[in-house]
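Peer 1: Kindly generate the complete structure, drawing on both the sequences and the hints.
The primary structure of each chain is shown beneath.
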Amino acid sequence: MFTPDTNDQLIIGGRAFNSRLMVGTGKYTSFEVMRDSIAASGAEIVTVSIRRVEINAPGHAGILDALDLTAFQLLPNTAGCRTTEEAVRVAKLARAMTETDWVKLEVIPDAKYLLPDPVETLRAAEILVGEGFTVLPYIPADPVLARRLAEVGCATVMPLASPIGSGRGILTRANLEIIIEEATVPVVVDAGLGVPSEAAACFEMGADAVLVNTGLAEARDPVRMAAAFRDAVKAGRTAYLAGRMPVRSHASASSPTRGVVRNPEPEVPV
Amino acid sequence: MQLNGQHYPYRTGLTLHAIIADLGLRHDAIVVMHRDDVYKRGKIPDVPLEQNDVIEIVRMMQGG
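Order-wise, the sequence lines are chains P and Y.
Using numbering that gives the first Met the number 0, the final residue of the first sequence is 269, and nothing's skipped along the way.
Using numbering that gives the first Met the number 0, the final residue of the second sequence is 63, and nothing's skipped along the way.
These are computed hints drawn from the structure, not numbers from a lab.
Glycine residues also receive a C-beta, built at the ideal position from the N, C-alpha and C atoms.
Any given hint could be a false lead.
Simulated pairs of lysine-lysine, DSBU-like, Cα-Cα distance not exceeding 35 Å [unchecked claim]:
#	chain 1	residue 1	chain 2	residue 2
1	Y	Lys39	P	Lys91
2	P	Lys111	P	Lys26
3	Y	Lys42	P	Lys26
4	P	Lys111	P	Lys233
5	Y	Lys42	P	Lys233
6	Y	Lys39	P	Lys111
7	P	Lys111	Y	Lys42
Label pairs and their computed distance ranges (CB to CB) [said to hold, decoys possible]:
#	chain 1	residue 1	chain 2	residue 2	range
8	Y	Gly41	P	Ile126	24 to 30 Å
9	P	Ala241	Y	Val53	52 to 58 Å
10	Y	Gln5	P	Leu170	37 to 43 Å
11	Y	His26	P	Ser196	44 to 50 Å
12	P	Pro108	Y	Ala20	33 to 39 Å
13	Y	Ala20	P	Asp7	47 to 53 Å
14	P	Ala110	Y	Gly41	29 to 35 Å
15	P	Leu170	Y	Ala20	36 to 42 Å
16	Y	Lys42	P	Arg51	17 to 23 Å
17	Y	Gly41	P	Ile54	36 to 42 Å
18	Y	Lys42	P	Ile126	31 to 37 Å
19	Y	Gln5	P	Glu130	24 to 30 Å
20	P	Gly242	Y	Arg25	23 to 29 Å
Only part of the chain P face toward chain Y is listed, based on derived beta-carbon distances under 7 Å [claimed, not checked]:
#	residue
21	Ile10
22	Gly23
23	Gly25
24	Thr46
25	Ile49
26	Arg50
27	Val52
28	Lys91
Peer 2: The following block contains the structure:
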């Protein structure tokens, strides 16, 4: 009988996790749906953002009261930052807010496709690593950049499958494969995953984790979809550990080729 | 003075805690950056402010 490998943990920044699915907290219709979806996903690493309070309408405490901060490894992002300077500042604010040194580094000058700036991301990563942060950079699926970020001490790399929130799935497969093959740090495929099969495919390729937000939040039933992603992540990872069959250009019969009950002279030659 | 990128009316004797009270914010829900200092959630000192100060007050929000 097959028993799951309980030692197959995701290790990031010296911490071990049983779930390889990271989830975002954005775009949910309510905090209740968000909480239920996170619970259904089984995720242990949860992203949040840092924003200015509104001076004219300060409102409530944001997401703070809606999340059990002790139950998750918070991963604050630097979303919205366009330069190294902005990202470093937000990372420091995030650390003071969350009391974790983890940061999902995003430096994105382009609002239409939300594609990260590789040069500024590398600069910011070097500074933040130097200041003691555990840096998880969101990057284009560029194997050279991924290697450079690992070399400067990033805890992971987070290459994109397709643009944030696009739901277009894995458009960067060839480069993701190279990044995974060459990786010296965990590879977290982030952004663009719309359905569970795409998450499973990332793991079958050898990814260490995936991060999903919009794929859950914009599903008709986010809680149910979170459970589906949870199962797909497990399936994909288990399949990767099992090792896939070889791909052939021709058929290979599954039933015995000898002893077939045939007419002496078949009408159709085989 | 400037607060979160906007002009904020300075008054003599204004402190960080006074601004937080003005805005009706909870100390344990915000982080403050004043000049180059970042004050942790729930551990914000009552710093006296000056007319040219630049302050950022942030909170945690949803995000991906």
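Peer 1: For Ala20 of chain Y and Asp7 of chain P, compare the CB-CB distance with the range 47 to 53 Å and indicate the outcome.
Peer 2: holds (51 Å)
Peer 1: Would the hint linking Lys42 of chain Y and Lys26 of chain P be met if the CA-CA limit is 35 Å?
Peer 2: holds (30 Å)
Peer 1: Indicate whether the distance between the beta carbons of Leu170 of chain P and Ala20 of chain Y respects the range 36 to 42 Å.
Peer 2: About 50 Å separates the Cβ atoms of Leu170 of chain P and Ala20 of chain Y, which means 36 to 42 Å is violated.
Peer 1: Was the hint right that Ile10 of chain P lines chain Y, CB cutoff 7 Å?
Peer 2: violated (23 Å)
Peer 1: For the pair Gln5 of chain Y and Leu170 of chain P, does the Cβ-Cβ distance stay inside 37 to 43 Å?
Peer 2: holds (40 Å)
Peer 1: Tell me if the straight-line CA distance from Lys42 of chain Y to Lys233 of chain P falls inside 35 Å.
Peer 2: violated (41 Å)
Peer 1: Tell me if the interface restraint on Lys91 of chain P is satisfied: Cβ within less than 7 Å of some Cβ in chain Y.
Peer 2: holds (5 Å)
Peer 1: Can the hint on Arg50 of chain P be confirmed by a CB-to-CB distance to chain Y that is less than 7 Å?
Peer 2: holds (4 Å)
Peer 1: Would you mind confirming whether the straight-line C-alpha gap from Lys39 of chain Y to Lys111 of chain P stays at or under 35 Å?
Peer 2: Satisfied, since the Cα-Cα distance of roughly 34 Å is no more than 35 Å.
Peer 1: Is 17 to 23 Å respected by the C-beta to C-beta distance linking Lys42 of chain Y and Arg51 of chain P?
Peer 2: Given about 20 Å between the Cβ atoms, the range holds.
Peer 1: Are the Cα positions of Lys111 of chain P and Lys233 of chain P separated by 35 Å at most?
Peer 2: holds (33 Å)
Peer 1: Do the Cβ positions of Ala241 of chain P and Val53 of chain Y conform to the proposed distance bound of 52 to 58 Å?
Peer 2: Cβ of Ala241 of chain P to Cβ of Val53 of chain Y: about 56 Å, so the range 52 to 58 Å holds.
When held up to the earlier numbered hints, the structure conflicts with 5, 7, 15, 17, 18, 20 and 21 and fits the remainder.
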